[in-house]
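Required output: the full structure, derived from the provided sequences and hints.
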Amino acid sequence: MNNKRFFGVILLIFSAALLMFKLSSYVQQAQHNDLIMADIENRIALDLPRLNLSNRFLKHSGNHDAIVGYLQRLNMQLIQQPIQVNSINDVSLALTKNGRESRIEYLETSDQKVAITFLIETHWWHISDLYIIIILLFMAFLFAKWAVVIKRASLQYSALKEQVEQLPLVNAQVILVIDLQDKVLAINDNAEIKVSLANKPLCFYLALIEFCVEHPDVTLYQNKDVPDELVELANKYFYRLTQLGHTIRKRPNFTNSLDKTLSEIRAALDEVLYAHPELKEIYYPPKAHGEGSRSRLHSYSLLKITAADIEVIGK
Numbered sequence: 001m002n003n004k005r006f007f008g009v010i011l012l013i014f015s016a017a018l019l020m021f022k023l024s025s026y027v028q029q030a031q032h033n034d035l036i037m038a039d040i041e042n043r044i045a046l047d048l049p050r051l052n053l054s055n056r057f058l059k060h061s062g063n064h065d066a067i068v069g070y071l072q073r074l075n076m077q078l079i080q081q082p083i084q085v086n087s088i089n090d091v092s093l094a095l096t097k098n099g100r101e102s103r104i105e106y107l108e109t110s111d112q113k114v115a116i117t118f119l120i121e122t123h124w125w126h127i128s129d130l131y132i133i134i135i136l137l138f139m140a141f142l143f144a145k146w147a148v149v150i151k152r153a154s155l156q157y158s159a160l161k162e163q164v165e166q167l168p169l170v171n172a173q174v175i176l177v178i179d180l181q182d183k184v185l186a187i188n189d190n191a192e193i194k195v196s197l198a199n200k201p202l203c204f205y206l207a208l209i210e211f212c213v214e215h216p217d218v219t220l221y222q223n224k225d226v227p228d229e230l231v232e233l234a235n236k237y238f239y240r241l242t243q244l245g246h247t248i249r250k251r252p253n254f255t256n257s258l259d260k261t262l263s264e265i266r267a268a269l270d271e272v273l274y275a276h277p278e279l280k281e282i283y284y285p286p287k288a289h290g291e292g293s294r295s296r297l298h299s300y301s302l303l304k305i306t307a308a309d310i311e312v313i314g315k
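Counted from 1, the sequence shown has number 256 at position 256 by my numbering; the numbering is strictly sequential.
A hint or two may mislead.
To be verified - List of simulated lysine-lysine pairs, PhoX-like, C-alpha gap at most 20 Å:
1) Lys260 / Lys200
2) Lys304 / Lys287
3) Lys304 / Lys280
4) Lys183 / Lys250
5) Lys287 / Lys224
6) Lys113 / Lys59
7) Lys315 / Lys236
8) Lys250 / Lys260
9) Lys260 / Lys287
10) Lys200 / Lys287
11) Lys236 / Lys183
12) Lys4 / Lys151
13) Lys224 / Lys260
14) Lys280 / Lys194
15) Lys183 / Lys260
16) Lys315 / Lys183
17) Lys236 / Lys200
18) Lys183 / Lys194
19) Lys200 / Lys315
20) Lys200 / Lys250
21) Lys194 / Lys315
22) Lys145 / Lys161
23) Lys280 / Lys260
24) Lys183 / Lys200
25) Lys236 / Lys250
26) Lys113 / Lys4
The hints are simulated quantities; they were obtained by calculation from the structure and are not laboratory data.
Have a look at this one:
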């Protein structure tokens, strides 16, 4: 919001607040004047029997000087009030209006109708209004600053929302999930894809992952014995299956039939990762190329896997 618009908002708020204040002050002053006039009328009504007013019906001229003196004494008592009594019937003090409002009220007696003329001061501005103007101006400034902050926050939110909407959707990292309770492989972005795996390849694969995470530089060859630490990890996961309540006849020998075990693991991964072939280089135990003795000279280590790439349920 530029300075011109900012000061325009201040002026608008200040003008509206000042107008409301003056209108409420005017209404309050009018009500106060009505109460004072009612008190004066009651006072005159009580004094009417002692006032020597003229009476056309009775052809009585009355005592003009006495009524003038009464009006003067009455106005002396009203000197602190914004109202004075200018006349009763045809007896007048001939007071100057000086911008004051003239109002006539009537009192009715048993034989005549008495007219009372009031002069009412109506001040739109007072000395004390200066303090109110300063306060209202300060409040208008605060409201304008608040409006600027709200406007700026709204624009920032809209810009951020538009920016977020324009950003391409980034999928969460897809990782492999191994559930020991159900003995299945899955991926975290599709709960419907689940592939069962037998006890031996399941436990061996978990042990292989943990072993490769802890020893990322170790090379595992098929023509060499399976490391004892890897076998111990496989036995640990096998024991965990028994704790979870799975019925198992006997503990498998994880050093035998390594080719078959790895083939079963690869077959399960082929089904689970069919929609994410790029992940095979992380989870897929490398397959041997060539035939004869050379087929056993390759490594089945998972060289790119990390602890963040796997989630094990029931571990």
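Hint-by-hint comparison with the structure:
{"no.": "1", "hint": "Lys260 / Lys200", "result": "10 Å, holds"}
{"no.": "2", "hint": "Lys304 / Lys287", "result": "15 Å, holds"}
{"no.": "3", "hint": "Lys304 / Lys280", "result": "10 Å, holds"}
{"no.": "4", "hint": "Lys183 / Lys250", "result": "17 Å, holds"}
{"no.": "5", "hint": "Lys287 / Lys224", "result": "16 Å, holds"}
{"no.": "6", "hint": "Lys113 / Lys59", "result": "15 Å, holds"}
{"no.": "7", "hint": "Lys315 / Lys236", "result": "10 Å, holds"}
{"no.": "8", "hint": "Lys250 / Lys260", "result": "18 Å, holds"}
{"no.": "9", "hint": "Lys260 / Lys287", "result": "12 Å, holds"}
{"no.": "10", "hint": "Lys200 / Lys287", "result": "19 Å, holds"}
{"no.": "11", "hint": "Lys236 / Lys183", "result": "15 Å, holds"}
{"no.": "12", "hint": "Lys4 / Lys151", "result": "15 Å, holds"}
{"no.": "13", "hint": "Lys224 / Lys260", "result": "16 Å, holds"}
{"no.": "14", "hint": "Lys280 / Lys194", "result": "16 Å, holds"}
{"no.": "15", "hint": "Lys183 / Lys260", "result": "18 Å, holds"}
{"no.": "16", "hint": "Lys315 / Lys183", "result": "12 Å, holds"}
{"no.": "17", "hint": "Lys236 / Lys200", "result": "12 Å, holds"}
{"no.": "18", "hint": "Lys183 / Lys194", "result": "10 Å, holds"}
{"no.": "19", "hint": "Lys200 / Lys315", "result": "16 Å, holds"}
{"no.": "20", "hint": "Lys200 / Lys250", "result": "11 Å, holds"}
{"no.": "21", "hint": "Lys194 / Lys315", "result": "18 Å, holds"}
{"no.": "22", "hint": "Lys145 / Lys161", "result": "24 Å, violated"}
{"no.": "23", "hint": "Lys280 / Lys260", "result": "19 Å, holds"}
{"no.": "24", "hint": "Lys183 / Lys200", "result": "11 Å, holds"}
{"no.": "25", "hint": "Lys236 / Lys250", "result": "14 Å, holds"}
{"no.": "26", "hint": "Lys113 / Lys4", "result": "62 Å, violated"}
Checked against the numbered hints above, the structure violates hints 22 and 26; every other hint is satisfied.
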